[in-house]
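Sequence lines, in order, name chains A and B.
In my numbering, each residue's number is its place in the first sequence (first place is 1) plus 5.
In my numbering, each residue's number is its place in the second sequence (first place is 1) plus 125.
What the hints contain is simulated information worked out from the structure, not anything from laboratory work.
The beta-carbon is built from N, C-alpha and C at its ideal position, and this holds for glycine as well.
Some hints here could point you the wrong way.
Claimed, not checked - Listed next, the stretches of chain A that the computed footprint assigns to chain B, with coverage defined by at least 3 CB atoms under 8 Å from CB atoms of chain B: (1) 197 to 208; (2) 227 to 234; (3) 262 to 276.
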Amino acid sequence: MININIKKTLHGVNGAMSLDIDLSIKQGEFIALTGPSGSGKTTLLRVLAGLEVAEGEIEVNKSFWLKNNKSIKAQKRSIGFMHQENALFPNMSILQNLLFVINDLELALRLLSLTGLTKLQDSYPKTLSGGQKQRVSLCRAMMRKPDILLLDEPLSALDAKMRTQLQSEILALHKEFNTTTIMVSHEPSEIYKLSTRTIVLENGHIIKDGKTQEVLLKSQGSQKFSFEGELLELKEVDVIIIAIVAIGQQIVEVVVSKKEALDLKVGQRVILGTKAFAPTILHPSL
Amino acid sequence: MSQFQASIINIQKHDALHIVTFQTEAFTLHMMSLELDEKISVGTKVLLGVKASSVAISKGFSGELSYANQLELEVHKIQEGELLCSLELKAKNFELESIITLGSKNRMKLQVADTITALIKSSDLYITEVL
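Chain B on its own, in the form it takes in the complex:
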């Protein structure tokens, strides 16, 4: 799980469903959620989380993707296993981990210092703590 601080800048609501927009130092992020904690409103600072295995990677892609969160980051470190690999991604103070298959990493010829786009579905992003 990667965690990062963010402030809520918008909340869209329809019945029990919410789309919350966050601002971090580097990015704007969107989260799909059911009922929100009553402490949460526009301006609230939170710690956001995402599972490393929920972060997809694209490189040199042109076209449209449905991912609500598309973050341009640099590959800082690559740790390879037998079948999987862990990517440490960075931009300014923002850090994100992605776990993808080694096959995908090789196919994409990912290397340290590559600029990639990390893709996170809004339903995979969550609040771990209200600050």
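Only chain A is shown next, with the shape it has when bound in the complex:
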């Protein structure tokens, strides 16, 4: 069990803000931490890792990492930390990079095998692709068999195919070592695939905490198929109005009645919704 009850003043783009977190995490949970930029996600990971100070308490498996302003050093915390940018030693081989953390050859070889890197163990970081480097970073983060694995947008610099592969490997290692994992991510598909619980931070506070599916599923009333967009145009055609709405990179059309259109204004944020029974799924090849 991990209990976190911390406070810290942050200085963001919108001035001073208080990071105020009260959170209990069960051993083996995979938690996704999401929310707008500057909401305190990375700071929370850094406080857990002992890289930043905060007031309060952090208790991990009945041992206090932070209490009464006394803090255990980062090196003494059972943490694995993986960032978006890897920080591998360029003058060491992949295997040496892992053994630098802890001299456990058996574990290093097992991790390299689990992530399909066995053949590259004697290669040097500069010869690896971005995805391979992130795999090595993941293995290195696991070398201490950490109680907590912290992932700070670990896959955001990778292409979609590589992301999918690494997501599977992260999940495999999480299960293999029964680690408690906390991952910062903005990608709903990634959060859905990996995590069982999702916590949303905003302005340093937890605004949502629940089962991933419940937190992620945007629904409007009983309409499960729901997207937020910007109303670009209302075109009157016959007795109906065609509303043009931008959602992400796409433009879609929705038919509304004239009566409905009375409440709509071009430029406003709108939510498009329909029931889960109405949409059809087409295969891209069709």
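With chain A held as given, fit chain B onto it using these hints.
Relative to chain A, chain B alone:
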């Protein structure tokens, strides 16, 4: 979209699927739904919605139809376009809009003050807001 207040009087459940029955002042309505919001239970008051283009009309029909919602209403107003027409339907305080083709309206000889049956599939009815 037409909206109207209703109270939930029954919920049938099978795994993630639900059939919810509502009572409005004038009608009993049925809605097919996946998982329901946890705030929703028997007795909850909600605002129901249906797209005008999802409301079909029948007039002088005899026989059985599969529509779970068959509401007897009066045609209050007709607005004609080139290809479509919008019908304003009423019963007591209940208002519903239907958009059908002008061809259908002409074929059915629909006129203001006609009594018709509005047909809504249970999968086309939805909750817009829990009150």
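Hint check results:
1. 197 to 208: violated (count 0)
2. 227 to 234: holds (count 3)
3. 262 to 276: holds (count 4)
Checked against the numbered hints given earlier, the structure breaks only hint 1 and satisfies all the rest.
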